[in-house]
Amino acid sequence: MTNGSRNKVQQLNNDYARQVANDQQNQRQRISRVRRRRFVVIVAFFGALMLLLGYQLINTRVDLHQVNREVATSQVKLKRAQQKNSQLETQIKQLNNKDYLQKLLRSKYDYTKSGETVYSLPNDNAADVTAN
Numbered sequence: 001m002t003n004g005s006r007n008k009v010q011q012l013n014n015d016y017a018r019q020v021a022n023d024q025q026n027q028r029q030r031i032s033r034v035r036r037r038r039f040v041v042i043v044a045f046f047g048a049l050m051l052l053l054g055y056q057l058i059n060t061r062v063d064l065h066q067v068n069r070e071v072a073t074s075q076v077k078l079k080r081a082q083q084k085n086s087q088l089e090t091q092i093k094q095l096n097n098k099d100y101l102q103k104l105l106r107s108k109y110d111y112t113k114s115g116e117t118v119y120s121l122p123n124d125n126a127a128d129v130t131a132n
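Numbered per UniProt numbering, the sequence shown finishes at 132, counting up by one with no gaps.
Hints in this document: simulated from the structure, not taken from any laboratory. There's no promise every hint is true.
Unchecked claim - Distance ranges between label pairs, derived from CB positions: (1) Leu88 <-> Leu51: 32 to 38 angstroms; (2) Met50 <-> Asn7: 56 to 62 angstroms; (3) Gln19 <-> Val43: 31 to 37 angstroms.
Note that CB positions come from ideal geometry on N, CA and C, so glycine has one too.
Could you put together the complete structure from these sequences and hints?
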């Protein structure tokens with residue numbers, strides 16, 4: 001097979017050859033349209049899936065942020081309650097102390113023992129019993 005023998009082959013240009021070439025071109029175009037349509041459907045499916053998952057992710061992050069805020073406020077309330085509880089426990093311990101209790105009754109309620117006289121001085125911080 002030399003170069004000369006290759007040039008002897010000619011393509012037929014009759015109706016049948018044109019119809020076969022046209023059918024082949026139509027077949028390629030149909031396959032191209034089908035592949036393009038499949039590509040669009042696949043891209044649309046994955047796009048919708050990404051939107052759905054993205055929405056869920058964002059929604060979950062918002063919920064997590066809200067829960068974290070609630071936890072922080074609850075922790076602050078818990079610390080306040082614990083401080084209040086420790087103050088109350090300290091007061092309970094002090095009220096169980098006889099000396100403190102007597103001092104509190106004398107200063108706050110002007111309590112006296114029998115036979116004891118209380119003198120009120122002008123610079124005393126105790127509230128005047130007669131003043132309203």
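Looking at the structure, which of the earlier hints fail to hold? 1
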